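In my numbering, the protein residues as written are 841 to 924.
It should be emphasised that the hints constitute simulated quantities derived from the structure, not laboratory data. What you are looking at is a predicted structure, and each value in this text was computed from that prediction instead of being measured. Note that beta-carbon positions come from the ideal geometry of N, C-alpha and C, so glycine has one too. Hints are not guaranteed to be accurate.
Stated by the list, open to error - For lysine to aspartate or glutamate, the following DMTMM-like pairs were computed, each having C-alpha atoms within a straight-line distance of at most 25 angstroms: (1) Lys891 / Glu901; (2) Lys856 / Asp872; (3) Lys891 / Asp904; (4) Lys891 / Glu847; (5) Lys891 / Glu858; (6) Lys891 / Glu871; (7) Lys842 / Glu901; (8) Lys911 / Glu901; (9) Lys856 / Asp877.
Said to hold, decoys possible - FRET-style restraints, in silico, Cβ to Cβ: (10) Thr851 / Arg910: 45 to 55 angstroms; (11) Ala913 / Gly885: 39 to 49 angstroms; (12) Ala863 / Asp915: 56 to 66 angstroms; (13) Arg843 / Ala912: 21 to 31 angstroms.
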Amino acid sequence: MKRRILEQHVTQTTSKLELRAEALKKNGVAEDAFRRDPAWRGLDGERRAAKTRLLARGKIEQRDADVIARKAAGDSASEEAGEE
Numbered sequence: 841m842k843r844r845i846l847e848q849h850v851t852q853t854t855s856k857l858e859l860r861a862e863a864l865k866k867n868g869v870a871e872d873a874f875r876r877d878p879a880w881r882g883l884d885g886e887r888r889a890a891k892t893r894l895l896a897r898g899k900i901e902q903r904d905a906d907v908i909a910r911k912a913a914g915d916s917a918s919e920e921a922g923e924e
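Modelling step: build the complete structure from the supplied sequences, incorporating the hints.
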């Protein structure tokens, strides 16, 4: 997936989780008891999964940038060898 889409998904899941937390607070549920609410747990799981996918995307982008840099360095090294 593209980074922009993953960032949007993280933002959306975070806002849904915050809305659920506000609803629970309104009903008098303590913050440490949120984990007992199935809806909150599901939303928290979605948010964590989205963040994990975004982190993985960042690692892939870094790997691709490293490959491009190595290829560029290899091209310049082969050009230098050809000049001699």
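Each hint, compared with the structure:
no.: 1; hint: Lys891 / Glu901; result: holds, 15 angstroms
no.: 2; hint: Lys856 / Asp872; result: holds, 18 angstroms
no.: 3; hint: Lys891 / Asp904; result: holds, 20 angstroms
no.: 4; hint: Lys891 / Glu847; result: holds, 8 angstroms
no.: 5; hint: Lys891 / Glu858; result: holds, 15 angstroms
no.: 6; hint: Lys891 / Glu871; result: holds, 22 angstroms
no.: 7; hint: Lys842 / Glu901; result: holds, 10 angstroms
no.: 8; hint: Lys911 / Glu901; result: holds, 15 angstroms
no.: 9; hint: Lys856 / Asp877; result: holds, 14 angstroms
no.: 10; hint: Thr851 / Arg910: 45 to 55 angstroms; result: violated, 34 angstroms
no.: 11; hint: Ala913 / Gly885: 39 to 49 angstroms; result: holds, 42 angstroms
no.: 12; hint: Ala863 / Asp915: 56 to 66 angstroms; result: holds, 57 angstroms
no.: 13; hint: Arg843 / Ala912: 21 to 31 angstroms; result: holds, 22 angstroms
Hint compliance for this structure: hint 10 alone is broken.
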